Amino acid sequence: MKPRSSGLVGERLRRNDLIRKVRGEVRYTDDLKLPRMLHARLLRCPHPHAKILRIDPARALASPEVAAVITGKDLPRRFGIIPWTPDEYPLALETARFVGDAVAAVAALSERAADLALRQIEVDYELLPSVKDLDEAESKTEAGLGASGRDNVSKRVDLAFGDVEAALAASDLVVEGSYTFEGTAHAPIEPHCALAQYDGDGLLTLWSTTQVPHYLHRELSRVLAVSPARIRVIQPPIGGAFGGKSEPFALEFAAAKLAMVTGRPVKLLYTREEEFYAHRGRHPMAMRYRVGARSDGSLTAVDAETRIDGGAYSSFGLVTTYYSGQLLTLPSFAPNYRFSSTRYFTNKPPCGPKRGHGSVQPRFAFECMLDRVAEKLSLDPIELRRKNAVDASSTVNGFRVTSNGYLECLARVEEASGWKERRGKLGRGRGLGVASSAYISGTNYPIYPNEMPQSAVQLKVDRSGVVTVFNGASEIGQGTDTLMATLVADELGLDLGAVRVVSADSDLCPVDLGAYSSRGTFMNGNACLAAARQIRDKLVAAVAAKLEVAPRDVFVSRGYLCAVGDERRAISVTDAIALAEARFGTLGATGWYKSPEGLGGDYRGGTIGASPAYSFTAHVAEVVVDEQTGVVRVEKVWCAHDCGRALCPTLVDGQIEGSVYMGVAEALLEEHVIDGRGLHRGPNLLDYRIPTSLDVPDIVSILVESHDPEGPLGAKEAGEGPLHSSIPAVANAIYDAVGVRLDRLPFSPGRVLAALREQGGR
Amino acid sequence: MLPLPRFTLHRPATIAEAAALLHHLGRDGQLLAGGTDLLPNMKQGLVGARALVSLQRIDGLSGVDVAGSSLSIGAMTPLARVASDPRVREAAPALSEAAAAVGGPHHRRMGTLGGNLCLDTRCRYYNQTYFWRSALGFCLKKDGTVCHVVAGGQRCVAAASNDTAPALIALEAAVTLESVRGARVVPVGELYTADGITNTTREPDEIVTRVTIPLERARSSGFEKLRRRGAIDFPLLSVAARIDRDGDALRAVELVVSALAARPRRVAAAARLAPGARPTAELRAQLAQAAKKECRPLDNIEGDPAWRHEMVPVLVERLLARLGVG
Chain D
1 MKPRSSGLVG
11 ERLRRNDLIR
21 KVRGEVRYTD
31 DLKLPRMLHA
41 RLLRCPHPHA
51 KILRIDPARA
61 LASPEVAAVI
71 TGKDLPRRFG
81 IIPWTPDEYP
91 LALETARFVG
101 DAVAAVAALS
111 ERAADLALRQ
121 IEVDYELLPS
131 VKDLDEAESK
141 TEAGLGASGR
151 DNVSKRVDLA
161 FGDVEAALAA
171 SDLVVEGSYT
181 FEGTAHAPIE
191 PHCALAQYDG
201 DGLLTLWSTT
211 QVPHYLHREL
221 SRVLAVSPAR
231 IRVIQPPIGG
241 AFGGKSEPFA
251 LEFAAAKLAM
261 VTGRPVKLLY
271 TREEEFYAHR
281 GRHPMAMRYR
291 VGARSDGSLT
301 AVDAETRIDG
311 GAYSSFGLVT
321 TYYSGQLLTL
331 PSFAPNYRFS
341 STRYFTNKPP
351 CGPKRGHGSV
361 QPRFAFECML
371 DRVAEKLSLD
381 PIELRRKNAV
391 DASSTVNGFR
401 VTSNGYLECL
411 ARVEEASGWK
421 ERRGKLGRGR
431 GLGVASSAYI
441 SGTNYPIYPN
451 EMPQSAVQLK
461 VDRSGVVTVF
471 NGASEIGQGT
481 DTLMATLVAD
491 ELGLDLGAVR
501 VVSADSDLCP
511 VDLGAYSSRG
521 TFMNGNACLA
531 AARQIRDKLV
541 AAVAAKLEVA
551 PRDVFVSRGY
561 LCAVGDERRA
571 ISVTDAIALA
581 EARFGTLGAT
591 GWYKSPEGLG
601 GDYRGGTIGA
611 SPAYSFTAHV
621 AEVVVDEQTG
631 VVRVEKVWCA
641 HDCGRALCPT
651 LVDGQIEGSV
661 YMGVAEALLE
671 EHVIDGRGLH
681 RGPNLLDYRI
691 PTSLDVPDIV
701 SILVESHDPE
711 GPLGAKEAGE
721 GPLHSSIPAV
731 ANAIYDAVGV
741 RLDRLPFSPG
751 RVLAALREQG
761 GR
Chain C
1 MLPLPRFTLH
11 RPATIAEAAA
21 LLHHLGRDGQ
31 LLAGGTDLLP
41 NMKQGLVGAR
51 ALVSLQRIDG
61 LSGVDVAGSS
71 LSIGAMTPLA
81 RVASDPRVRE
91 AAPALSEAAA
101 AVGGPHHRRM
111 GTLGGNLCLD
121 TRCRYYNQTY
131 FWRSALGFCL
141 KKDGTVCHVV
151 AGGQRCVAAA
161 SNDTAPALIA
171 LEAAVTLESV
181 RGARVVPVGE
191 LYTADGITNT
201 TREPDEIVTR
211 VTIPLERARS
221 SGFEKLRRRG
231 AIDFPLLSVA
241 ARIDRDGDAL
251 RAVELVVSAL
261 AARPRRVAAA
271 ARLAPGARPT
281 AELRAQLAQA
291 AKKECRPLDN
301 IEGDPAWRHE
311 MVPVLVERLL
321 ARLGVG
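If you're matching them up, the sequences are chains D and C in order. The numbering used here puts the first residue of the first sequence at 1, with every later residue one more than the last. The numbering used here puts the first residue of the second sequence at 1, with every later residue one more than the last.
Don't take each hint at face value.
As a list, the in silico BS3-like pairs of lysine-lysine whose alpha-carbon atoms are at most 30 angstroms apart [unchecked claim]:
id, chain 1, residue 1, chain 2, residue 2
1, D, Lys132, D, Lys420
2, D, Lys460, D, Lys376
3, C, Lys43, D, Lys33
4, D, Lys73, D, Lys51
5, C, Lys43, D, Lys21
6, D, Lys33, D, Lys73
Not close to chain C: a few residues of chain D, all C-beta gaps over 10 angstroms, as computed [to be verified]:
id, residue
7, Leu18
8, Pro129
9, Arg150
10, Ile234
11, Gly240
12, Arg272
13, Ala541
14, Ser557
15, Arg583
16, Arg677
One-sided and incomplete, this derived list gives chain D residues near chain C with beta-carbon spacing under 8 angstroms [as the list claims (entries may be wrong)]:
id, residue
17, Leu109
18, Glu111
19, Asp115
20, Thr271
21, Glu273
22, Leu669
23, Leu679
24, Gly682
25, Asp687
26, Arg689
27, Thr692
28, Leu694
29, Pro697
30, Pro749
Note that these hints are calculated values from the structure, not bench results. The model shown is predicted, which means the values in this text are computed figures rather than measured ones. Glycine residues also receive a C-beta, built at the ideal position from the N, C-alpha and C atoms.
Whenever a hint applies, use it, and build me the whole structure from the sequences.
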């Protein structure tokens, strides 16, 4: 049964910040300016691995324009987003671990003065052995980048479900393959920025471009040794994050400390180059797969071995290592599975979560493998996926599945793309490829273990007919503010403009864990609905009393609460608010969400990858390959995504389009390369190319609604899932077009041409 | 963001005033046209000048005219206008295509023809921030003593990256340079040198004021650019061609390949193979292979040099085919 709605949910509405964004009225962090504000910059290490022998800021401090210089010694406490692996200092204390690692911070009267002062700080380094890639990370143990100092290992996970060797031995077909991904960056339009103020009452206020204001609040308190009660974290609107702002960064600690030292507000804005050093981008991975199948197409076993290049620090690496295996077991899979994943440290900018954390790379490999299995068995790759669709309520690694629109996703892209009629028949040079995937709607467990809600809102109801949502969640462009306004307006019969959303301010809003792991719609949506329904019940009760009918005989329509059966007997929402306030006192409500207990597999690590619900995606890509130049053009992508229910369909379309944009970019263009010296190959947007509007394929987004029983009005995530299978769909389409299998991303013209040459030579 | 270094901005009203200023400022002075290349370079600490002499207030430096038997284009004409002007499109398609291929719409609106001709050469080891270059140990072109492209190299091999240069060379265009010493006219083909540090023969106090392109009958031309994206990118390789016909035969073909090294390369084989020949597919293939043989891309800009080399004959063939050869 579809939940009752008063008409806004599911409608194609304009997002509530659209006009202000288009008019340039939204104030991002760098737009904020405070009286007497100083500007800070970070001094970064020019060596891939070096011991810091001495830092002398005397010459910098001699400038009348320089207010303060701080070094690692001023902030000697480690931090890290994962409580078990805190291995970063805000400013490197004894050793710097990559070209670009921050070693000192300077605050000055202007950005220019701060920049010039950096060159006046003298640092003596002693160079240490460095590790440039995965092969060196394995062999060059003397670099000692790991926690033990005896190797370079960051995290190792070995898990097995069923008897993989026996199942492979009993298979009619075993396909093996190796795949390589070099790494990509988030490249948000808005660089990281933090503004800190330390006032006379001893209150530290930090405005920051963070996706995780609550975790930042905790880490600021720990590292600065300031009570959390003396810290306020505010997250202004964000101009793109994609996972790159989902943990604390050097600039936040440095700006805060400099504000405390100088007694003046301090702003620190990263340059575009520094974005590539802060990084936390998608991990480079080297992946080896074996996939077994019976001749009828049923998969028997999957065996995966993955080496992960983590860069200099742990970041989310523990989770990444698990995700590289754990998130593969939907939507088409085998009953036996084993994976071994090892994350290594290297002397490169630290990797972290990027849209589709840890699972986009294995998805590329596995979906290419499925295409090969289908080919060997002369099966349609869509049929192969259908045949192996996981239809049980639990995956091989123990994850609960409550709703599953996967088969509909497959059917919809099959139909929309003309798959049956067109695939393999488009002539040499043009092809179609399919791939599919699944993703979490939030992690079931918070990053630091606790029993409290994971998301919460407070509603304040005004007699003017305006409702304000004080929302802990982080609006990072994905549209949570609009979604919450839609849910509240829909419940209460208000116009979208009558609901205001104040979000991500630790003084004003209840705690939400942040915008990561695609948790917003599911968790924040449920929290918001819970609060809105309390207000709704009070309005209904007050109106029922006034109209002298039973509460169940009152329904909420647009602008009015009406008596069932006699719609002329109606009271406007504003009047209903007055009635309710007179009857119940001042109106307000809190709502929260906490995920179900006990989800996940009953083994070590079995909770990582557990989610209250999973989304499903299928892609078909159509490509044209120029065999003279090796240039691949993705002409069109059909993406069907099961988001449970599209509460704001325009936002879901936007997430699908953004995901396909990003996926195709990673398939063809983007490559985050650090050279043998540890130098970034081109830390700017000329050399690190992201697609222009001319480079984007036609995108057909298809919304599939499986109505999750626990989702808010049935909804699940849409922010990350639709990226995953876009990359292997392109790879498989290239094979359909010209018959070459590409196992290394991105599919640059040189690589495509080389593969075509090899094919011709055979 | 990266701060722009402090500088004095001069905005003279006449060429004479600008020339005098430049002469007076010497090494401290630098011409500013559209600024799309200069200002980012200044942010990266690549420009030593402490004073900029802007040409934007000088009248008469912008516009397209037909003067006698040539097309005359003011140096301050925005690239967008060069690209869209119907007379340029008709008489010098190689130039309009090249101008349309520069950067993105914003660059073409701000950037000028004269500025593009004087564009600094580019290299992966040069067009980086001060910090990045310091981590590298700097390079021959700026602040350092070694070349990172050619180990042990003593000459800078940064790449000419201006799209309009090969087109204007192919079109036999000339530039007018004005200074306190008067005006001189230099064929664009002689403007560039093989030195990546400063790849033009323009004196530091000379101002490019005008570009003239001879109008010839039975002439066609075109431009091809290799890049990874539909806009913004500098060329990974560029090819300009001019074809002069004499009845059914070819009178002359000029092929210019650029974005390889500091000087755009004129394919020598064209002068040997084309005159008097028929515009056949065989000739096209010969010219393409000759161009490949004469060009040797280096690892000086983004993009696999081997692939860029492979693309020389592909671009040449495509361009010549488009111009009716074969």
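Okay, the hints, checked on the actual structure:
no.: 1; hint: D:Lys132 - D:Lys420; verdict: violated (46 angstroms)
no.: 2; hint: D:Lys460 - D:Lys376; verdict: violated (61 angstroms)
no.: 3; hint: C:Lys43 - D:Lys33; verdict: holds (23 angstroms)
no.: 4; hint: D:Lys73 - D:Lys51; verdict: holds (14 angstroms)
no.: 5; hint: C:Lys43 - D:Lys21; verdict: holds (28 angstroms)
no.: 6; hint: D:Lys33 - D:Lys73; verdict: holds (29 angstroms)
no.: 7; hint: Leu18; verdict: holds (23 angstroms)
no.: 8; hint: Pro129; verdict: holds (18 angstroms)
no.: 9; hint: Arg150; verdict: holds (29 angstroms)
no.: 10; hint: Ile234; verdict: holds (22 angstroms)
no.: 11; hint: Gly240; verdict: holds (16 angstroms)
no.: 12; hint: Arg272; verdict: violated (8 angstroms)
no.: 13; hint: Ala541; verdict: holds (55 angstroms)
no.: 14; hint: Ser557; verdict: holds (48 angstroms)
no.: 15; hint: Arg583; verdict: holds (56 angstroms)
no.: 16; hint: Arg677; verdict: violated (7 angstroms)
no.: 17; hint: Leu109; verdict: violated (12 angstroms)
no.: 18; hint: Glu111; verdict: holds (5 angstroms)
no.: 19; hint: Asp115; verdict: holds (5 angstroms)
no.: 20; hint: Thr271; verdict: holds (5 angstroms)
no.: 21; hint: Glu273; verdict: holds (5 angstroms)
no.: 22; hint: Leu669; verdict: holds (6 angstroms)
no.: 23; hint: Leu679; verdict: holds (6 angstroms)
no.: 24; hint: Gly682; verdict: holds (6 angstroms)
no.: 25; hint: Asp687; verdict: holds (5 angstroms)
no.: 26; hint: Arg689; verdict: holds (6 angstroms)
no.: 27; hint: Thr692; verdict: holds (5 angstroms)
no.: 28; hint: Leu694; verdict: holds (3 angstroms)
no.: 29; hint: Pro697; verdict: violated (12 angstroms)
no.: 30; hint: Pro749; verdict: holds (6 angstroms)
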